[in-house]
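Could you put the whole structure together from the sequences, leaning on the hints where they help?
4 protein chains.
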Amino acid sequence: MKYKFLNDYSEGCHPAILEKLTQTNYAQQSGYGNDEYSESAVEKIRLACRNEALDVHFVSGGTQANLLVMAAFLKPYESVIAAESGHINTHEAGAIEATGHKIEYSPAPDGKLTPELMAKHLLKFPKYHTVKPRLVYISNSTEYGTLYTRRELEALYTFCRENELLLFIDGARLAMALTAGENDLTLEDLSRLCDAFYIGGTKCGALFGEAIVISNPALQTDFRYHVKQRGAMLAKGRSLGIQFDVLFTDHLIFDLAARANRLGAKLAEAFRQLGLAFLTPPQTNQVFPVLPDTVIQKLAEQYEFFEWQVIDENSKALRLVVSWATPEEAVDRFIQDLKACYPL
Amino acid sequence: MKYKFLNDYSEGCHPAILEKLTQTNYAQQSGYGNDEYSESAVEKIRLACRNEALDVHFVSGGTQANLLVMAAFLKPYESVIAAESGHINTHEAGAIEATGHKIEYSPAPDGKLTPELMAKHLLKFPKYHTVKPRLVYISNSTEYGTLYTRRELEALYTFCRENELLLFIDGARLAMALTAGENDLTLEDLSRLCDAFYIGGTKCGALFGEAIVISNPALQTDFRYHVKQRGAMLAKGRSLGIQFDVLFTDHLIFDLAARANRLGAKLAEAFRQLGLAFLTPPQTNQVFPVLPDTVIQKLAEQYEFFEWQVIDENSKALRLVVSWATPEEAVDRFIQDLKACYPL
Amino acid sequence: MKYKFLNDYSEGCHPAILEKLTQTNYAQQSGYGNDEYSESAVEKIRLACRNEALDVHFVSGGTQANLLVMAAFLKPYESVIAAESGHINTHEAGAIEATGHKIEYSPAPDGKLTPELMAKHLLKFPKYHTVKPRLVYISNSTEYGTLYTRRELEALYTFCRENELLLFIDGARLAMALTAGENDLTLEDLSRLCDAFYIGGTKCGALFGEAIVISNPALQTDFRYHVKQRGAMLAKGRSLGIQFDVLFTDHLIFDLAARANRLGAKLAEAFRQLGLAFLTPPQTNQVFPVLPDTVIQKLAEQYEFFEWQVIDENSKALRLVVSWATPEEAVDRFIQDLKACYPL
Amino acid sequence: MKYKFLNDYSEGCHPAILEKLTQTNYAQQSGYGNDEYSESAVEKIRLACRNEALDVHFVSGGTQANLLVMAAFLKPYESVIAAESGHINTHEAGAIEATGHKIEYSPAPDGKLTPELMAKHLLKFPKYHTVKPRLVYISNSTEYGTLYTRRELEALYTFCRENELLLFIDGARLAMALTAGENDLTLEDLSRLCDAFYIGGTKCGALFGEAIVISNPALQTDFRYHVKQRGAMLAKGRSLGIQFDVLFTDHLIFDLAARANRLGAKLAEAFRQLGLAFLTPPQTNQVFPVLPDTVIQKLAEQYEFFEWQVIDENSKALRLVVSWATPEEAVDRFIQDLKACYPL
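As you go down the protein sequences, you meet chains A, B, C and D in turn.
Here the first sequence is numbered in our numbering, starting from 16 and rising by one per residue.
Here the second sequence is numbered in our numbering, starting from 16 and rising by one per residue.
Here the third sequence is numbered in our numbering, starting from 16 and rising by one per residue.
Here the fourth sequence is numbered in our numbering, starting from 16 and rising by one per residue.
These aren't lab readings, by the way, just hints derived from the structure by calculation.
Mixed in with the good hints there might be a few duds.
Copies of the same chain are indistinguishable here, so a pair counts whether it falls within one copy or spans any two.
[As the list claims (entries may be wrong)] Derived lysine-lysine pairs resembling DSBU-like cross-links, with alpha carbons at most 30 Å apart: (1) Lys-135 / Lys-147; (2) Lys-35 / Lys-19; (3) Lys-139 / Lys-90; (4) Lys-59 / Lys-19; (5) Lys-331 / Lys-90; (6) Lys-90 / Lys-142; (7) Lys-147 / Lys-90; (8) Lys-90 / Lys-35; (9) Lys-281 / Lys-19; (10) Lys-331 / Lys-139; (11) Lys-331 / Lys-19; (12) Lys-17 / Lys-59; (13) Lys-147 / Lys-313; (14) Lys-281 / Lys-147; (15) Lys-142 / Lys-17; (16) Lys-142 / Lys-59.
Bear in mind the structure is a predicted one, so any value in this text is a computation, not a measurement.
Encoded structure:
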């Protein structure tokens with residue numbers, strides 16, 4: 016069996032979650048998220064953000080979180096601005112458009128939007144004949160494993176407020192972003208520097224589940240109607256509440272993310288030592304090294320990973336992902352096998 | 016703490032599921048339902064239906080299953096025929112209409128559609144100005160706890176095929192239907208007598224999850240695109256596969272349902288012995304007795320249940336639901352407390 | 016050739032419209048409704064409503080007007096309350112549901128909603144699981160040719176404001192309503208007693224065209240984006256502006272409607288004199304007499320009309336419609352032919 | 016009053032249309048396109064395409080035609096491939112996305128798609144996570160006034176059929192395309208080289224109206240339901256039928272287009288003689304010359320036109336459009352005024 020560095024959702028969940036599910040199994044609870052575990056989890060997230068006024072909703076997956084937010088926040092003629100590589104633009108099977116909204120995108124080699132990239136979408140004419148940009152979608156960390164700095168996020172949010180745009184952060188890997196070595200944002204900062212975001216559980220130790228956090232009060236009204244209407248409200252909402260309650264106990268989610276980042280850095284360092292380049296600067300648990308096809312072929316005998324992009328006729332950029340559950344030995348073994356390919 | 020007869024999703028899941036989740040937790044698996052547990056579960060469902068050609072998809076909840084099916088099977092101008100009490104018509108927050116389709120409904124006091132009720136929706140004129148009925152939605156067991164007999168289902172499906180209508184069965188409580196005392200349908204029968212159906216897990220021992228089963232080959236194409244687009248494809252599809260794999264091992268799901276039905280019958284018998292009437296004939300794990308308000312008030316001190324419908328100024332129909340996890344002692348205690356209210 | 020009493024859109028348009036189209040044909044104008052004729056027509060409508068703050072938009076047809084209003088005014092989970100016979104519920108091919116919204120309807124034999132009928136739609140539970148009623152749709156005159164009195168409309172609008180509901184009036188035949196003998200509403204009254212309405216041109220002398228009038232300022236924002244997005248913004252908006260400019264010059268639209276009502280009353284009187292009953296009280300240009308099948312058969316040799324509803328095995332209710340263009344002789348001839356059938 | 020070269024919809028319609036509207040005004044006709052004029056117009060279009068099996072539907076505008084076709088032809092997860100400059104991608108206020116479909120676009124400086132540009136949209140992965148391209152949208156003539164040759168169109172359609180893609184042609188200015196000097200396509204060719212197209216009336220002498228022509232039989236079923244549902248079915252369909260009946264009598268539509276092209280060529284020749292460049296090669300009635308800002312400023316005192324694109328700090332590309340109704344004197348005067356600006 017080859018070891019998979021394919022993604023951060025190849026394993027189950029942190030054992031503490033299974034324990035808590037077992038321990039609470041027979042307690043009768045109200046349905047649809049009105050259980051005591053969900054209430055506790057909401058409180059813990061508010062506390063972590065130091066903001067009691069946050070609206071928190073647990074849903075099953077990232078595409079679901081994204082489509083819910085867009086469907087709820089936008090009027091029919093309003094559009095979303097995103098990086099070309101934004102998950103909603105590439106790998107959600109048209110989920111956003113299926114709710115009726117255009118995504119307007121800009122090429123962004125490192126997966127990050129800037130005020131300049133956003134500005135060009137505001138210059139359309141004539142009025143009423145084009146869509147009206149209303150929500151800016153960014154991912155942190157991005158689909159390329161990169162990070163927004165505090166300064167960058169502040170600049171984006173300032174631009175948004177100056178232009179009546181909402182800022183939404185896809186946090187499928189938010190825990191990785193906030194525990195990365197180069198990160199200078201806290202969860203509290205982040206929750207103040209956007210109108211809404213979600214905290215990914217699926218890729219950070221949960222079996223499934225994302226926590227949508229809405230800070231802009233105008234966007235909080237009746238959000239649960241949307242959750243129900245889009246089929247995202249679990250009867251046994253406890254199964255989501257329990258997971259986030261565990262993940263937000265004693266910083267578990269951040270510890271798991273920090274560990275994945277550390278192993279990602281270990282992988283990156285190995286590539287670096289061999290003088291290899293990266294498609295994008297490695298900052299989190301996703302690493303995109305550029306390797307010769309001969310090396311890729313060799314490694315593929317023992318490991319699974321995505322061949323992300325053809326660089327030239329002899330090399331490709333790979334995507335290697337470390338998860339919360341990746342054993343350090345697997346990383347070490349990979350590095351050893353990599354080094355064994357050199358000198359070519 | 017009052018004991019809840021509110022619904023069949025107040026508890027967690029059957030412990031065998033938690034065991035299997037724990038046991039498989041660290042095995043690396045492919046994402047999005049391509050894991051070995053999901054594949055095994057699909058095979059077990061096909062085997063239980065004695066039909067290898069069935070298309071099976073696991074999703075998180077009933078509203079999600081319903082909206083996916085309607086969005087996938089219908090053209091924009093096609094409508095759904097349902098009983099007025101159909102879950103899609105009452106308690107899914109307009110999920111079907113949100114995918115663009117009208118629900119055309121008929122009052123049906125026992126929650127069951129008939130060819131006669133369906134026929135009147137086919138008489139509209141003029142062509143092109145009305146919607147075009149295309150899919151018939153029924154629930155088995157129904158929202159009122161009642162059952163379709165084999166003869167009734169055959170009549171419905173014959174009518175459907177004669178009128179170019181698709182038949183879809185909402186099986187949120189299908190296991191209860193198929194194990195009810197008065198039932199004469201097998202899973203195999205049922206899977207032949209409709210175009211698609213879903214097998215509910217959430218209300219029959221799973222933490223969450225429903226299995227959509229598509230028998231009509233013309234409807235199978237590209238269904239996974241819909242699943243992804245509507246945010247219903249879990250990255251860790253294993254969490255659904257494992258649950259159905261366990262539920263379809265040694266008839267577990269049907270054993271759990273049979274037990275719930277048996278306790279439902281025990282409750283019903285107690286009401287009957289006191290000479291009380293029912294809103295609808297008790298056939299499964301949902302019982303709708305008509306009680307004097309004074310008795311209701313007394314019982315409400317110890318138990319939670321829905322006051323379903325006002326019957327007259329002195330009495331109401333309640334909904335009492337037994338779940339897979341309801342202890343028999345809770346039922347016995349309730350019966351004792353009920354009897355203690357009589358003679359009034 | 017049989018004479019048609021089928022509807023009020025069997026002929027072209029009032030000749031004054033063709034004259035104005037001809038006379039202005041070569042004048043270069045801005046597109047998309049920014050032409051001087053549209054601007055003049057908007058002013059005339061505001062003047063007729065004695066309200067300079069009204070937002071007015073010209074579109075091509077009634078279904079278009081209705082779907083635009085619902086798509087623009089409602090959030091995804093909000094529903095529309097209507098009479099069962101409401102045009103949006105029966106003869107718009109699911110146009111409202113195609114914009115994502117459920118229509119909740121009540122049977123109303125005379126086609127008119129009441130606060131009581133509306134109230135029952137507000138009692139649903141539990142919250143978040145049902146749709147949330149938000150807009151009340153009525154037609155004046157109704158699909159059955161009946162009228163709302165000022166008192167009735169006031170009661171509806173009071174109920175709406177007390178319950179955070181919007182009131183929208185489908186005015187496909189508004190000119191007929193406001194010029195009916197039993198009417199006690201002015202256009203000014205009506206425009207104050209709802210949040211939005213449309214004034215039908217198609218059925219009152221225009222070639223096509225309806226004027227959507229939005230009085231609630233909160234609903235006016237960006238409406239033109241919706242018009243464009245739904246394909247309802249004509250490049251040569253002048254063709255709509257010119258028609259409404261002519262129709263609102265010297266009360267033309269109301270004169271045409273009054274004439275149609277007068278001929279409708281003449282028809283109704285003839286039925287009444289023969290002792291015939293009506294499906295609904297004849298108040299405008301639509302008359303629904305109940306006739307024996309033998310008489311219907313005889314009349315059908317010379318005239319076209321809809322057989323609206325089977326009353327019993329020997330009789331049916333017809334729908335007879337008089338248009339702005341129906342010659343009085345056609346009505347007189349029909350009455351003569353009708354009387355010739357009696358005594359049977 | 017400045018003369019407008021802004022677009023081809025600044026005037027009314029060809030006088031023969033007004034005459035026919037007047038002449039037929041009082042004839043009673045069936046509604047919704049079942050009138051004799053619409054039937055005659057359909058026959059004339061079939062004859063012009065030499066194909067009796069074509070399905071023809073008249074609607075009011077181009078955005079309406081486009082959104083109808085996409086909504087009718089596509090399943091929810093299927094996308095549209097277009098040039099970045101495609102009208103649906105830029106100037107339809109998100110109408111296509113509002114029907115639920117993603118537009119995938121490629122930059123194309125001359126507004127024309129090629130098999131190469133289309134091919135890159137077919138390479139996405141993984142399956143089910145991306146949208147599935149299904150319909151290719153092109154405009155002829157394009158938004159940049161350019162043309163597809165027969166060879167180019169054949170290559171596109173061959174590519175489409177090889178890849179299970181549908182080809183749809185936006186013919187807002189189809190008459191101009193087919194009468195351009197460099198055109199080598201007949202209407203018959205074109206109708207064979209795609210699955211559906213529309214023939215624009217609004218920009219070629221009609222007051223409003225486009226004729227959707229569906230050649231692929233599999234796409235013809237029930238199209239009228241879509242027309243009704245999207246609010247595009249006029250009660251007085253005669254007003255569309257009469258216009259197309261007139262436009263397709265004695266080649267009127269093509270004569271009008273040829274004349275507009277001839278005046279466009281006259282304009283282009285004047286720019287060429289002054290040594291001016293063009294944004295795209297002038298081939299039809301839209302001309303995009305690059306002019307110094309000083310000249311633009313001078314011309315803007317007498318004429319209206321769009322400043323289409325900034326070329327450098329001293330010059331811009333204009334869009335000048337000649338309509339069927341532009342007097343030759345207006346063109347001559349413009350050329351004279353242009354020449355008077357030189358030498359600078």
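Hints, one by one, checked against the model:
1. Lys-135 / Lys-147: both (13 Å within a copy, 28 Å between copies)
2. Lys-35 / Lys-19: For Lys-35 and Lys-19, the Cα distance is within 30 Å both inside one copy (28 Å) and across copies (22 Å).
3. Lys-139 / Lys-90: both (18 Å within a copy, 26 Å between copies)
4. Lys-59 / Lys-19: between (33 Å within a copy, 27 Å between copies)
5. Lys-331 / Lys-90: neither (42 Å within a copy, 35 Å between copies)
6. Lys-90 / Lys-142: both (16 Å within a copy, 23 Å between copies)
7. Lys-147 / Lys-90: both (10 Å within a copy, 17 Å between copies)
8. Lys-90 / Lys-35: The answer is neither: 41 Å in one copy and 38 Å across copies each exceed 30 Å.
9. Lys-281 / Lys-19: within (17 Å within a copy, 52 Å between copies)
10. Lys-331 / Lys-139: Intra 37 Å, inter 17 Å, cutoff 30 Å: inter-copy only.
11. Lys-331 / Lys-19: within (18 Å within a copy, 55 Å between copies)
12. Lys-17 / Lys-59: For Lys-17 and Lys-59, only the inter-copy Cα distance (27 Å) is at most 30 Å; the intra-copy one is 39 Å.
13. Lys-147 / Lys-313: neither (50 Å within a copy, 33 Å between copies)
14. Lys-281 / Lys-147: Classified as neither; 44 Å inside a copy, 38 Å across copies.
15. Lys-142 / Lys-17: between (55 Å within a copy, 22 Å between copies)
16. Lys-142 / Lys-59: Intra 45 Å, inter 25 Å, cutoff 30 Å: inter-copy only.
Checked against the numbered hints above, the structure violates hints 5, 8, 13 and 14; every other hint is satisfied.
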